[in-house]
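Peer 1: The chain contents come next:
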Amino acid sequence: MLPAELDLARYTVWLESQTDFAGWRDAARRLALNEVRPEDIGWHVAAGSDRPQSDLPDVPEGAQLVVPRDFIDHTETAFCHCDPGRFAFLYRLLWRLRAEPKLLAIASDPDTRRLEAMEKAVRRDSHKMHAFVRFRKIGDGEEERYVAWFEPDHFIVERNADFFVRRFTGMRWTILTPYASADWDGERLAIGPGAAKTDAPDQDDTEALWRTYFANIFNPARLKVKAMQKEMPKKYWRNLPEASLIPDLIAGADKAAKDMIARMPTTPAPHHAKVQAKHWPKHQPAETPDGDAAHTISELREAAKGCRRCPLWRDATQTVFGEGPDNAKVIFVGEQPGDQEDLAGKPFVGPAGKVFDAILDDAGVDRLEVYVTNAVKHFKFEPRGKRRIHSKPNAGEVQACRWWIDREFELVKPELAVALGATAALSLLGKAIPVTKMRGQVIEREDGLRVFITIHPSFILRIRDHADKEAERERFLQDMKQVRKLMST
Amino acid sequence: MSVLTIREKLAILSDAAKYDASCASSGSAKKDSLKSGGVGSTEGMGICHSYAPDGRCISLLKILLTNFCIYDCSYCINRSSSNVRRARFGIDEVVKLTMDFYRRNYIEGLFLSSGVIRSPDETMGEMVEVARRLRLEEKFSGYIHLKTIPESSADLVEQAGLYADRLSINIELPTDEGVKKLAPEKRPETIRLSMANLRRKMEEKAEPTLRTKKRERFAPGGQSTQMIVGADKTSDDGILHTSARLYGSYHLRRVYYSAFSPIPDASSSLPLQKPPLMREHRLYQADWLMRFYGFSQPEILAGSSDGMLDLAIDPKLAWALRNRGQFPVDINRADRETLLRVPGLGTKVVTKILQTRRHRRMRLEDVGRICHSIAKLRPFIIAEGWSPGALTDKAGLRGQIERSCEQLALF
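Keeping their order, the protein sequence lines are chains A and B.
Residues in the first sequence are numbered consecutively from 1, following this note's numbering.
Residues in the second sequence are numbered consecutively from 490, following this note's numbering.
Hints are computed from structural coordinates only; laboratory data are not their basis.
Note that the structure is predicted; figures quoted are calculated from it, not measured.
The beta-carbon is built from N, C-alpha and C at its ideal position, and this holds for glycine as well.
Be a bit skeptical, because a hint or two may be false.
[Stated by the list, open to error] Think about it this way: if two alpha-carbon atoms lie no more than 25 Å apart in a straight line, the pair counts; the simulated DSS-like pairs of lysine-lysine are: (1) B:K670 <-> A:K274; (2) B:K519 <-> A:K386; (3) A:K230 <-> B:K837; (4) B:K690 <-> A:K354; (5) B:K763 <-> A:K386; (6) A:K120 <-> B:K837; (7) B:K585 <-> A:K282; (8) A:K282 <-> B:K675; (9) A:K274 <-> B:K675; (10) A:K274 <-> A:K120; (11) B:K628 <-> A:K230; (12) B:K628 <-> A:K137; (13) B:K669 <-> A:K278; (14) A:K234 <-> A:K197; (15) B:K524 <-> A:K137; (16) A:K137 <-> B:K585; (17) B:K694 <-> A:K386; (18) B:K585 <-> A:K258; (19) A:K274 <-> B:K669; (20) B:K670 <-> B:K763; (21) A:K305 <-> B:K690; (22) A:K413 <-> A:K431; (23) B:K694 <-> A:K346; (24) A:K226 <-> A:K120.
[Stated by the list, open to error] So, partial list: chain B residues that the calculated Cβ filter (under 8 Å) puts toward chain A: (25) A500; (26) S750; (27) Q762.
Could you build all of it, start to finish, from the sequences and the hints given here?
Peer 2: Structure below.
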């Protein structure tokens, strides 16, 4: 920037301070509305009473300056940058925007990129200020205060003071920087003049603890000095109490890591045997129960918890076993647990289960008197982001799980089974059948068990059209009414 | 045993905590101290207050309440058979240390974990008490992350969620077999159930209550987990499969990968070598592809011979080289999903391209100005005045990109 007396520009603007955004904005408005070209303006900062008056044209009557809404936010941020040419640069942007209103959306334009780079630098510096300010405590009780010395690259104290107010509301604190200071007395924020490092306290006992923490949280086997310096450049180190430890930590890291690797495993600690004996009494290699010996449904459920008969247990949360009275007259068999059932460990508690419950209720069937279970007892799915998309179990998985279904039937001895959908029918009948065609029919198995065929209630949920959905619900209700009749015969 | 000073305890119990990778303080609900007149705030974005020479961010005071432990997990420095020095913090000591550090702006908050002593409930109870005192007695609004002990009672977990921003349960190793082998006392099925219960609790609390119509606070920063990479033989494909399952099943905010690091007094059942840091880095990149770039888990490594991520090049570039039929992509026409799959284009750059091309057709040099390395990008895109021609299918393309990226790095 030229000294003011050598400035041959037509207009000279005197801003009150490096952060006098209101002054710049007012001047920029007047100048732009009077068609003053960027090269005809000189921008200067002078504080205090010796500041000359800017000689600026008035805003022409009725004239309005329209800029894109986000322009002000962008300029307010970039304004804090230390670049002395920023006042002129931002005015040039304003000038160009009148002819090119979409300028800020063109990321490849050099001026747009410069603006973005300036904003980024200011935001980064602000972020580093939030991170690297280190308070030192002085005084006790009523006199307790926290004072910090910080050296920002840009003019960001005003911009960031509110952050510290929101965070340290209950403390009295002062942040000193070379160009400005911020002070919070517990009620009021005051921005004051700059200070020197010697104005801040030079020590705080808690720093010894902080340094201890810093040295010990470091893992010498993972030395990555560049990664550290990228995020915590050396220029900040002089004001960080922990930074003086860094050279020694780096120098000793290789040896410390090698020592760890080289140190031979020693014999177990003296207390280890006692801990093992007390908390982990030698688990006899318990044979995984297969349910063969189960006499009740709850014993069978317990045995099924560790089921490894097919690989579906790997991705599921838990085995979802059947539920209901041991002596129920009817067993409803669904396909497999869904997302909600997998989490809760209970069958038919998700959206399809709710539909099922409601329709059973409408049909006059008490859910507490029937036994409900699934052909496959682990949830099979494909993860898709934060969702799990249901996948249909294959014939092998259905076959593997018949082990459990068969035992459930042996123990409950129902008079009737209801196959909800194709997978359930396959499990109960041992062969695939066309469910929609055979819906409502009763098939008698070789062992005499009657199997009623219908659809799975999730089918109703998948119908989009309201009228179709209602019709399907009604049909399912009729099926359930028929089941109730069959139960009582 | 002589009485340890606070400083000695801090040295032991932070050394014991450093194998937990997470130090995140982001993603929680916004809060500050303006109303309470206390101390502390979280504003969405996490803040790293320092960096250790291992390049890791120091955001939280990450300590163990105690490193006494009844478990004997062979990868863990605190396992009961280890000869490491033991210490135990009092509840008051942790509360005071957290407040003293926070007031001086050293940290964003506390990440408290613990070895299990006597019983899971007793240990969890003490951790919850630390969080309760910080919130209610100290009026602390900073970040609190509590490591949850899977076997602890539902009641304690509920209280933990009330005070903490984030809860986590470590899955430890990518497969149940691995856990059984290296952490014989841990039960993978209990870990799954605990994660499932946390997800259910979070969903339940996200609903407005009937009476007050307000949502109750419950771990607004969600849950996360960590698995150790390189202590067992699981392939990267297997690790990513487990991550995809965890994200889908329990809505985790993050899965952390921790390259197995040699520990003092290591168990003889483990590889004694430097941690596989590059492998860890590639896993994080692949994890990002699943979460932000629209890749499904199986396609990341589909067509690779050994199910391992390429250590020399990033997983997206490796995928693109295996799937050249999908390229080149026209930078001026392709949709967001397709652009995200172009090597060298990150989410931010894609947003900028979509925005800019509404106003002008983009040339190769325009793209070059807003992305990091045009060398990686050039063979895969068509721009105004640029077509890669036979370059996309060239045999030596991989080597050529690698070399030009190296040259750029040397510059």
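Peer 1: For every hint, state whether the structure bears it out.
Peer 2: Hints and how they fare:
| no. | hint | result |
| --- | --- | --- |
| 1 | B:K670 <-> A:K274 | holds (21 Å) |
| 2 | B:K519 <-> A:K386 | holds (23 Å) |
| 3 | A:K230 <-> B:K837 | holds (20 Å) |
| 4 | B:K690 <-> A:K354 | holds (20 Å) |
| 5 | B:K763 <-> A:K386 | violated (34 Å) |
| 6 | A:K120 <-> B:K837 | holds (13 Å) |
| 7 | B:K585 <-> A:K282 | violated (41 Å) |
| 8 | A:K282 <-> B:K675 | holds (14 Å) |
| 9 | A:K274 <-> B:K675 | holds (18 Å) |
| 10 | A:K274 <-> A:K120 | violated (58 Å) |
| 11 | B:K628 <-> A:K230 | violated (35 Å) |
| 12 | B:K628 <-> A:K137 | holds (19 Å) |
| 13 | B:K669 <-> A:K278 | holds (20 Å) |
| 14 | A:K234 <-> A:K197 | holds (18 Å) |
| 15 | B:K524 <-> A:K137 | holds (24 Å) |
| 16 | A:K137 <-> B:K585 | holds (15 Å) |
| 17 | B:K694 <-> A:K386 | holds (18 Å) |
| 18 | B:K585 <-> A:K258 | violated (36 Å) |
| 19 | A:K274 <-> B:K669 | holds (21 Å) |
| 20 | B:K670 <-> B:K763 | holds (22 Å) |
| 21 | A:K305 <-> B:K690 | holds (23 Å) |
| 22 | A:K413 <-> A:K431 | holds (22 Å) |
| 23 | B:K694 <-> A:K346 | holds (20 Å) |
| 24 | A:K226 <-> A:K120 | holds (21 Å) |
| 25 | A500 | holds (5 Å) |
| 26 | S750 | holds (5 Å) |
| 27 | Q762 | holds (7 Å) |
When each numbered hint is compared with the structure, violations occur for hints 5, 7, 10, 11, 18.
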